[in-house]
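Chain by chain, the residues run as shown.
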Amino acid sequence: DGGITQSPKYLFRKEGQNVTLSCEQNLNHDAMYWYRQDPGQGLRLIYYSQIVNDFQKGDIAEGYSVSREKKESFPLTVTSAQKNPTAFYLCASRGHHKNTGELFFGEGSRLTVL
Amino acid sequence: GEDVEQSLFLSVREGDSSVINCTYTDSSSTYLYWYKQEPGAGLQLLTYIFSNMDMKQDQRLTVLLNKKDKHLSLRIADTQTGDSAIYFCADFGGSQGNLIFGKGTKLSVKP
Chain A
77 DGGITQSPKY
87 LFRKEGQNVT
97 LSCEQNLNHD
107 AMYWYRQDPG
117 QGLRLIYYSQ
127 IVNDFQKGDI
137 AEGYSVSREK
147 KESFPLTVTS
157 AQKNPTAFYL
167 CASRGHHKNT
177 GELFFGEGSR
187 LTVL
Chain B
436 GEDVEQSLFL
446 SVREGDSSVI
456 NCTYTDSSST
466 YLYWYKQEPG
476 AGLQLLTYIF
486 SNMDMKQDQR
496 LTVLLNKKDK
506 HLSLRIADTQ
516 TGDSAIYFCA
526 DFGGSQGNLI
536 FGKGTKLSVK
546 P
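Protein chains in written order, with this note's numbering: chain A, 77 to 190; chain B, 436 to 546.
Next comes chain A alone, as it looks inside the complex (with noise of 0.2 Å):
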């Protein structure tokens, strides 16, 4: 079946380390999204790939980063730079296939720095 596929589910880190979050799609969609949920801020833009090997910053970029190497596969580094890292972190997917827009998204990974 085609999806979005987020790994871990659960992360815990130390304060000061660097954490990569993975996120894999086969639905052959061009655009990718990161995006930051905190209960009651909805949710927030972090990074997003319209093409492989382009990205763009979104509304909250400071503190992490990107790369998109392949089509399937957008992984997001949350680096010792975030000064509040801990959050349910949302990866979607979007095709020009269908007009309508819409984003396909992963089950998301929760990340608890200790």
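The set of hints was computed from the structure by calculation and includes no laboratory data. There may be inaccurate statements among the hints.
Quick look at which bits of chain B chain A covers, simulated, 3 or more residues with Cβ under 8 Å [stated by the list, open to error]:
(1) 459–468
(2) 534–545
Cross-link-like lysine-lysine pairs, in silico, DSSO-like; alpha carbons within 30 Å at most [stated by the list, open to error]:
(3) A:LYS85 x A:LYS133
(4) A:LYS133 x B:LYS541
(5) A:LYS85 x B:LYS471
Every residue, glycine too, gets a C-beta built ideally from N, C-alpha and C.
Knowing the structure of chain A, use the given hints to seat chain B on it.
Just chain B now, with coordinates in the frame of chain A:
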């Protein structure tokens, strides 16, 4: 910039109708969406409406769009306990072609 607003909480009794409201600012919106998020999970698309439509019905779901007032609503008929979730309104039409999400409305259904 573009903004999407929704109330944060709604509580209803099982069997009643639920109405979740949303307002948006982007006048160039082409599609508007409703997503559902269950605890600890990702978002699932419930339904969407094209901006030249006033209403869309899909089984228990009715979406109403008032483009003049930039107001979108989602009505869930015969609300069940399984409908308890967070519902997000989203607008596709931002300057960079990204979806803009509201903060989500947490629907609680009491038996």
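| query | Broken hints, numbered, in rising order? | reply | none
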